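Colleague: As a plain string of letters, each chain reads:
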Amino acid sequence: MNPLLRFMSRPPPAVGQTPADVVHRENKWRLLRYRPRPSGVSHPTPLLLVPSLINRHYVLDLMPGKSLAEWLVAQGFDVFIIDWGTPEDEDRFVTFDDVCDRTLGRALRVACRLAGSERAHVLGYCLGGTLAAIYSAARPERVASLLALAAPVGFHDDGMLSAWTRSKSFDVGAVVAATGNVPWQLMQSAFHMLRPTLTLSKAVSVLDRAWDDEFMNGFLALETWGNDNVSFPGECYRRYIEELWRNDALLAGTFTLSGTPVHLEDIRCPVLAVTFEHDNIVPWKSAAALLSRVSSEVKQHIHLPGGHVGAVISKKAAATLWPQLAEFWRAAS
Amino acid sequence: MNPWELYKKYFNAWEGATATYLEHWLKSPLVLEPAGAWLSATMKLKAQADQATASFWGNIGLPTKRDQERALHKLNQLESKLLDLEEKLADLPPSTGSR
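Those protein sequence lines, which keep their order, are chains A and B.
As numbered in the numbering used here, residues 1 to 333 make up the first sequence, in order.
As numbered in the numbering used here, residues 1 to 99 make up the second sequence, in order.
Bound-form chain A, shown alone:
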């Protein structure tokens, strides 16, 4: 029982530990720049990491040894990341264009200006990848390359989220009118429905490996992140559901960004799509669809076993996936 007692008295894990400075702040969002390694930056083109809008940014900097950001800094990259912050009641009016065009555009321009570069590599994770793809199609000028990490582009698949958002009785307008920002609890319950037995599985894993400090630290850090979600700005959510999920507007070519038509065919920079075989949040085919649309001469697809989060931040990812990402950026610089 000793390991279980230790587990219960364990302090919360420290997450997002890689040193970073806030280089821009606007409304609730911030742009962070990780401090370079002591020997300095060795790649002139900066990296901009765009996490999902509904999760905290520190999933890409979970904990020492399981941090993509920490690893990239150690490889000599100049790394920026968007922290979307926590929307408050007045942010119910924030639109998809505000998020994708104004915020992402500003973050990219600030990163380029501070790094003294004309362009930046953009990595978008999950919904952040969707935003990055939309932005790269409509405003390609400053995007050196696009790396879409488990990023949905096609939204009509046979998964539960697609079925739920397309059900006739789900009135997204009523949800937004009643809640303003769509509560994270509502979205998290939908994610729990993807595998309702997952909580029990986790409990069995904890009982099984409570003696393993390394496992427990990683488990608790991931649980901390998984339960630290943010609500979705209402107007932005309405368009996200109605146009992207219901109308599959990106693949249909009917989506616009601040009035500019978004055609994925307009993406000509090097593109890398990373998909995961057992990703039940973003089915891999809906993420891989990006590559069939872009006009880039350099386009790569990495398809790996694993799920939506674990395959990005695990020790295995550090050994196999991350070096391939760095190689892509080195070649695209």
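Source of the hints: derived by calculation from the structure; they are not laboratory data.
Nothing here was measured: the structure is a model prediction, and the numbers come from that model.
All C-beta atoms in this analysis are idealised placements derived from N, C-alpha and C, irrespective of residue type, glycine included.
There may be inaccurate statements among the hints.
As the list claims (entries may be wrong) - Think about it this way: if two alpha-carbon atoms lie no more than 20 Å apart in a straight line, the pair counts; the simulated SDA-like pairs of lysine to any residue are:
no., chain 1, residue 1, chain 2, residue 2
1, A, Lys315, A, Glu223
2, B, Lys81, B, Leu92
3, B, Lys81, A, Arg109
4, A, Lys28, B, Glu86
5, B, Lys9, A, Ser205
Stated by the list, open to error - Far from chain B by the CB rule (all over 10 Å, computed), these chain A residues:
no., residue
6, Arg10
7, Ala14
8, Arg35
9, Asp83
10, Gln188
11, Trp245
12, Leu257
13, Arg268
On the provided structure of chain A, position chain B as indicated by the hints.
Modeller: Relative to chain A, chain B alone:
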């Protein structure tokens, strides 16, 4: 095999089968449509209650929560547009002479 290993084996078999079964049913229109209808009806009810409260405050001449949200949002938009202007000014080429 010790009892714990045996338990895990049976648990994993049960979990896999149950998850597959639940996934099949949870994405069925037989479940999703009533769930969507219930959620939408609840949300409409809440919106109507909020509207009634807002009308009460509005009728006695006080700003509603929505009025305050709109005002704050406008301030955020103004801040953002000022930052746009700052960016444009910073991008201007330096002046080559003075009057």
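Colleague: For every hint, state whether the structure bears it out.
Modeller: Okay, the hints, checked on the actual structure:
A distance of roughly 17 Å separates the Cα atoms of lysine 315 of chain A and glutamate 223 of chain A; the hinted pair therefore holds under the 20 Å criterion. With a C-alpha separation of about 17 Å, the suggested pairing of lysine 81 of chain B with leucine 92 of chain B holds against the 20 Å cut-off. Distance check on the hinted pair: lysine 81 of chain B and arginine 109 of chain A sit about 15 Å apart at the alpha-carbon level, within 20 Å; holds. A C-alpha spacing of about 19 Å is found between lysine 28 of chain A and glutamate 86 of chain B, which places the hinted pair at or below 20 Å, so the restraint holds.
For the hint linking lysine 9 of chain B to serine 205 of chain A, the alpha-carbon distance of about 12 Å falls within 20 Å, and the restraint holds. Every beta carbon of chain B lies more than 10 Å from that of arginine 10 of chain A, the smallest distance being close to 22 Å; the non-interface claim holds. No beta-carbon of chain B comes within 10 Å of the beta-carbon of alanine 14 of chain A; the shortest separation is about 31 Å. With a least beta-carbon separation of about 24 Å from chain B, arginine 35 of chain A lies farther than 10 Å from that chain, consistent with its non-interface assignment.
Every beta carbon of chain B lies more than 10 Å from that of aspartate 83 of chain A, the smallest distance being close to 17 Å; the non-interface claim holds. Chain B leaves glutamine 188 of chain A outside its interface by the beta-carbon criterion, the shortest separation being 15 Å against a cut-off of 10 Å. At the 10 Å boundary, the C-beta of tryptophan 245 of chain A stays outside the reach of chain B, the nearest C-beta of that chain being 13 Å off. At roughly 16 Å, the least C-beta separation between leucine 257 of chain A and chain B is larger than 10 Å, which holds for a residue marked as non-interface.
Under the 10 Å C-beta cut-off, the non-interface status given to arginine 268 of chain A relative to chain B holds; the minimum distance is some 24 Å.
Of the numbered hints listed earlier, not one is contradicted by the structure.
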